[in-house]
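*Asks:* Those protein sequence lines, which keep their order, are chains W and V. Per this note's numbering: the first sequence = residues 6 to 254. Per this note's numbering: the second sequence = residues 6 to 254.
Hints may be right or wrong, so weigh each one.
Under 8 Å between C-beta atoms, here's a sample of chain W residues computed to sit facing chain V [claimed, not checked]:
id, residue
1, ILE107
2, GLY108
3, LYS145
4, CYS147
5, VAL165
6, GLY186
7, VAL188
8, PRO189
9, LEU190
10, SER225
11, GLY230
12, PHE248
13, GLU253
14, TYR254
Calculated from the structure, these hints are not laboratory results. Glycine included, C-beta positions come from ideal geometry on N, C-alpha and C.
There are 2 protein chains.
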Amino acid sequence: MSFARFFAPAAGVPGDRILLPVDEAEHLTRVLRLSTGDRVRVFNGRGAEFEAVVDAADRDGVRLTLGAPCTPAPEPRVAITLAQAALKGDKMDDVVRDAVMIGVAAILPVVTARTEISVAALTRSRRRERWERIAVSSAKQCGRAVVPLIAEPSQFDLHVALSESTFPSPVFVLVEPNMAGGVPLGELDTTTIPARATLVVGPEGGWTADEVHAASALGSLITLGGRTLRADATALVALAALFTKYGEY
Amino acid sequence: MSFARFFAPAAGVPGDRILLPVDEAEHLTRVLRLSTGDRVRVFNGRGAEFEAVVDAADRDGVRLTLGAPCTPAPEPRVAITLAQAALKGDKMDDVVRDAVMIGVAAILPVVTARTEISVAALTRSRRRERWERIAVSSAKQCGRAVVPLIAEPSQFDLHVALSESTFPSPVFVLVEPNMAGGVPLGELDTTTIPARATLVVGPEGGWTADEVHAASALGSLITLGGRTLRADATALVALAALFTKYGEY
Chain W
6 MSFARFFAPA AGVPGDRILL PVDEAEHLTR VLRLSTGDRV RVFNGRGAEF
56 EAVVDAADRD GVRLTLGAPC TPAPEPRVAI TLAQAALKGD KMDDVVRDAV
106 MIGVAAILPV VTARTEISVA ALTRSRRRER WERIAVSSAK QCGRAVVPLI
156 AEPSQFDLHV ALSESTFPSP VFVLVEPNMA GGVPLGELDT TTIPARATLV
206 VGPEGGWTAD EVHAASALGS LITLGGRTLR ADATALVALA ALFTKYGEY
Chain V
6 MSFARFFAPA AGVPGDRILL PVDEAEHLTR VLRLSTGDRV RVFNGRGAEF
56 EAVVDAADRD GVRLTLGAPC TPAPEPRVAI TLAQAALKGD KMDDVVRDAV
106 MIGVAAILPV VTARTEISVA ALTRSRRRER WERIAVSSAK QCGRAVVPLI
156 AEPSQFDLHV ALSESTFPSP VFVLVEPNMA GGVPLGELDT TTIPARATLV
206 VGPEGGWTAD EVHAASALGS LITLGGRTLR ADATALVALA ALFTKYGEY
């Protein structure tokens, strides 16, 4: 039998008595209708997961006592950071959900030359907090005990990003089919599997020539077959391909 | 500059004068507001694409004259058939859209032991026609000139399917992480690239033990990492992984 899973950043060691975050407490009581005495699992977002029992579920919140550690879904061997140009409307929500599901280590929302929303607008609409909630929800569903970092949205400047090591090497920049300089992922040497890597995915309108030029000096320009992928499905396909190349599947 | 693309099954050779299907004519006139003299492209769904000029766009429909052949997005080297258990609600729509986008050759909607909708209900609600429209729409967007076959939904019986060769070999049946008998895709020998292959993906509730037993005698049971994938994203991830293994990317 499988137990409902909840995100509890306070979870540390067996025996801890912890309070669930408000959102998680609502999920436990209102959606799943669990209460005192019920058994669940909690994960702390940093890789640890525990059995737990509900001690109290009332207007003061949900209190749990942690039991034995248990084994969450494994993390991929390669910690991939996804730098994704913010997409229009709800599409970025789907990218965050899917990237967490497939196993990214971190998501850096970036604003490129052709991105149709500004850093200021993303910040004002508190989009990062929204994506963090989506990341928690996706981690709950896919079985991970890690909630990937969602960085504050930032202006895309590959030179700055690399000099500050916010983009772990090797860096792969996905470009449109037939773009000059782009090579199929399969032609890259992936016999050495790195500990970390970065995948950079552009916006609906693609990259400018200047951006591609900058990127080509700092990482590999890769293509993914000759068909045009929907912007909100591109990262998932590219991540699946990269994980496959790195022997994850 | 890129031209709008329309699906015209009647398109045969340069010089042909053809009538667009009603749905496509509406797209041309009402959505894109094109009319007499405008240049477009048409593809016939069987791999051929042509330049074309609108001769007339009125209440009798849209008539075009075909010009020179042009090159659509390339088809994958391996023609993959996706046998997908019908999913609930609109989720199957997304699977069809994404599978066409990534490049499948055909989609066989199947009803398994744990599929929550019957063949009769799928037929009564004319779901196949809906999926065919979605396949056309996706082909238009991704640049393919091939509209994959969508088969009539059928009861899943792997023995019958294989004896009748409706599932081209080799057959890969995706099973949940940690299921006995499942091997990571990476452990399969894919040095020989076949002309065709079949990927079989189950429903939200997974396979029964009987189904897995039958499948294991007839194809490879494969897993895709340890994280649980959303049912409506599973086929896309598996197809991306399989195309990567076969050197498509």
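*Asks:* With reference to the structure, classify each hint as holding or not holding.
*Replies:* How the hints compare with the structure:
1. ILE107: holds (6 Å)
2. GLY108: Hint on GLY108(W): holds, closest Cβ of chain V at ~6 Å, below 8 Å.
3. LYS145: violated (10 Å)
4. CYS147: Where the cut-off is 8 Å and the nearest Cβ of chain V is about 4 Å from CYS147(W), the hint holds.
5. VAL165: Cβ of VAL165(W) sits 29 Å from chain V, so the hint is violated.
6. GLY186: violated (16 Å)
7. VAL188: violated (10 Å)
8. PRO189: For PRO189(W), the interface hint holds, since the closest Cβ of chain V sits about 6 Å away, which is under 8 Å.
9. LEU190: Since the shortest Cβ distance to chain V is 4 Å, the answer is holds.
10. SER225: violated (13 Å)
11. GLY230: With a closest approach of 6 Å, the GLY230(W) hint holds.
12. PHE248: holds (7 Å)
13. GLU253: Since the shortest Cβ distance to chain V is 6 Å, the answer is holds.
14. TYR254: holds (4 Å)
Going down the numbered hints, you'll see the structure goes against 3, 5, 6, 7, 10, while the others check out.
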